[in-house]
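> The lines below spell out each chain.
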Amino acid sequence: MSASDVGGMPQITYNFAYLDEQTKRMIRRAILKAIAVPGYQVPFAAREMPMPYGWGTGGVQVTAAVLGRDDVLKVIDQGADDTTNAVAIRGFFEKTARVATTTSTTEATVIQTRHRIPETKLREDQILVYQVPIPEPLRFLEPRETETRQLHALAEYGLMHVKLYEDIARHGHIATTYAYPVEVAGRYVMDPSPIPKFDNPKMDDSPALQLFGAGREKRIYAIPPHTKVRSLDFEDHPFKVQRFAKPCALCGATGAYLDEVILDDKGGRMFVCSDTDFCNTRQEEGHRGEMGA
Amino acid sequence: MTATEQPLLVAEGLSKNYGARIGCRDVSLEVYPGEVLAVVGESGSGKSTLLSLLSTELAPTSGRVSYRLRDGALTDLASLGAAERRLLMRTDWGFVRQNPAEGLRMAVSAGGNVGERLMAVGWRHYGNIREEALDWLGRVEIAGDRIDDDPRAFSGGMRQRLQIARNLVTRPRLVFMDEPTGGLDVSVQARLLDLIRGLVTDLGLAVIIVTHDLAVARLLSHRMVVMRQGRVIETGITDQVLDDPREPYTQLLVSSVLAV
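As they're listed, the protein sequences go chains A and B.
The numbering of the first sequence is this note's numbering, which starts it at 1 and goes up by one.
The numbering of the second sequence is this note's numbering, which starts it at 1001 and goes up by one.
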């Protein structure tokens, strides 16, 4: 009888941040390559994680590979710190890495995100890790992986504009509102993961390192700090972000991305910041919207 | 010698083996600017293999294909890099396939299909792309109000005409056609051939057309090549070959055509 199973049940011990050291080295090598070739999708040997595909297995592996003992981790899902996905992943790293966690954007050193970039401007000592479902921006136009790789290699991106053309032809304007394709450092066209196009300008020249992990598709890509990121468009239909008619109903913020919340079955609704930390911080500072308590 | 008398495309000793089976053996031919060359023969005679070799979709087992680039130099296509070859294929060449589903993006509107090549060569103005697409739809007799419909809503003949517009929009100098009228009914075939003939003359296109239909060769081509079992057995001016075939096999082909 060993010491670990005194008391009946064997105690489970994890290596720091769940993954074994060799796996983390492999992922770090992929990350370094991704940083060296901005926007290029680096294949990596993604592991099975104790969560289903689509719940951030890629992001979790990238986070596990970059996390140090002194890091402070924040996890957001659609901008919120308190949704299932965010709570589960935060709990996962609390348990397996025993790192400090936070909901504050300014306190965090590593932020794992699903579908948003925080409203608060990021700093050079921060890393933003995106969860990516489908890393290939050309996928829905060209189903063959061999062909999309060729297109990337030869920088043949006419096809990407065909998608935008179709948008204008069908809707009168570029109707793509999320996963809006960007050109990174004047070379690779990249899918920024399903963030709203509202967040696209935040990727440009960001001081923080941005890493993207796709677990099912086994790809990692990156935007190094202070890299040019341009959203694709047409000369006569330039890139535009969403605008909101009203400020946030809770904190009165105007330049933030808002979620619509249905209040009753009589058409009542409110628009509130999708970034919960941003909204709470503003309310603590005394800002109030029209429905703020 | 003027530039127009120099060949645009030269194939020398092209052979392709599929394992022990022969796709095409020792084929040499030349295509001149503005000339329509028909490649005829029965099924399995190596016509399509030859077309794939000429358009560099297949690598030959031996032999080579050279093309006169816009700078006037006759260049061995195997010496071009993949990027240059692909640029050539989407600007200076066209490829009209028998099955329009292979040559078109079926889920993309007609305008997007025609505009794709323009966007691939750097057009970034929506209004201009659309105007050019409309112009080309008009030239291939597709009504302008169909520009936003996707090809799934088009008839077989319309799909084929759309494929032609999509290929010609970058003003290529050489177009490969693989049985462009195959599978269309006779009246539609006649209109399509008429259209192709008009465009070829207007634009001064060189065309290499593969067909098993001698009537198509008669209507469109200036010269023809007869293939059998992977070899070229007879070449010459179209009317001459069809009216006075030399080889027994060609005589058989010509005499097999049903006269109504």
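These aren't lab readings, by the way, just hints derived from the structure by calculation.
Take these hints with a grain of salt, some might be off.
Pairwise CB distance ranges (calculated) [as the list claims (entries may be wrong)]: (1) A/I134 / B/A1083: 43 to 51 Å; (2) A/P225 / B/R1124: 26 to 34 Å; (3) B/A1083 / A/P225: 24 to 32 Å; (4) B/E1141 / A/T120: 52 to 60 Å; (5) B/R1124 / A/E145: 23 to 31 Å; (6) A/M51 / B/D1213: 42 to 50 Å; (7) B/G1072 / A/Q150: 24 to 32 Å; (8) B/E1141 / A/P225: 49 to 57 Å; (9) A/D20 / B/S1079: 47 to 55 Å; (10) A/K121 / B/R1124: 44 to 52 Å; (11) A/Y178 / B/H1212: 20 to 28 Å.
Cβ atoms here follow ideal geometry from the backbone N, Cα and C, with glycine treated the same way.
> Do the Cβ positions of A/K121 and B/R1124 conform to the proposed distance bound of 44 to 52 Å?
Because 31 Å falls outside the window, the suggested range is violated.
> Can you let me know if the beta-carbon spacing of A/D20 and B/S1079 is within 47 to 55 Å?
For A/D20 and B/S1079 the Cβ distance comes to about 49 Å; the hint holds.
> Mind checking the hinted window 24 to 32 Å against the Cβ distance between B/G1072 and A/Q150?
holds, 29 Å
> Is 52 to 60 Å a correct range for the gap between the Cβ atoms of B/E1141 and A/T120?
For A/T120 against B/E1141, whose Cβ atoms are near 58 Å apart, the range 52 to 60 Å holds.
> Is 24 to 32 Å respected by the C-beta to C-beta distance linking B/A1083 and A/P225?
holds, 30 Å
> Per the hint of 42 to 50 Å, is the separation of the Cβ atoms of A/M51 and B/D1213 within bounds?
violated, 60 Å
> Confirm or reject the claim that A/P225 and B/R1124 have a C-beta distance inside 26 to 34 Å.
Cβ of A/P225 to Cβ of B/R1124: about 29 Å, so the range 26 to 34 Å holds.
> Take the C-beta atom of B/E1141 and the C-beta atom of A/P225, compute their distance, and say whether it sits inside 49 to 57 Å.
holds, 55 Å
> Can you tell me whether the CB distance of B/R1124 to A/E145 sits inside 23 to 31 Å?
Holds, at about 27 Å.
> Taking 20 to 28 Å as the hint, is the beta-carbon distance of A/Y178 and B/H1212 inside that range?
Taking Cβ atoms as reference, A/Y178 and B/H1212 lie about 50 Å apart, which means the hint is violated.
> When you take the CB atoms of A/I134 and B/A1083, is the distance between them in 43 to 51 Å?
violated, 26 Å
The structure fails to meet hints 1, 6, 10, 11 from the earlier list, while all remaining hints are met.
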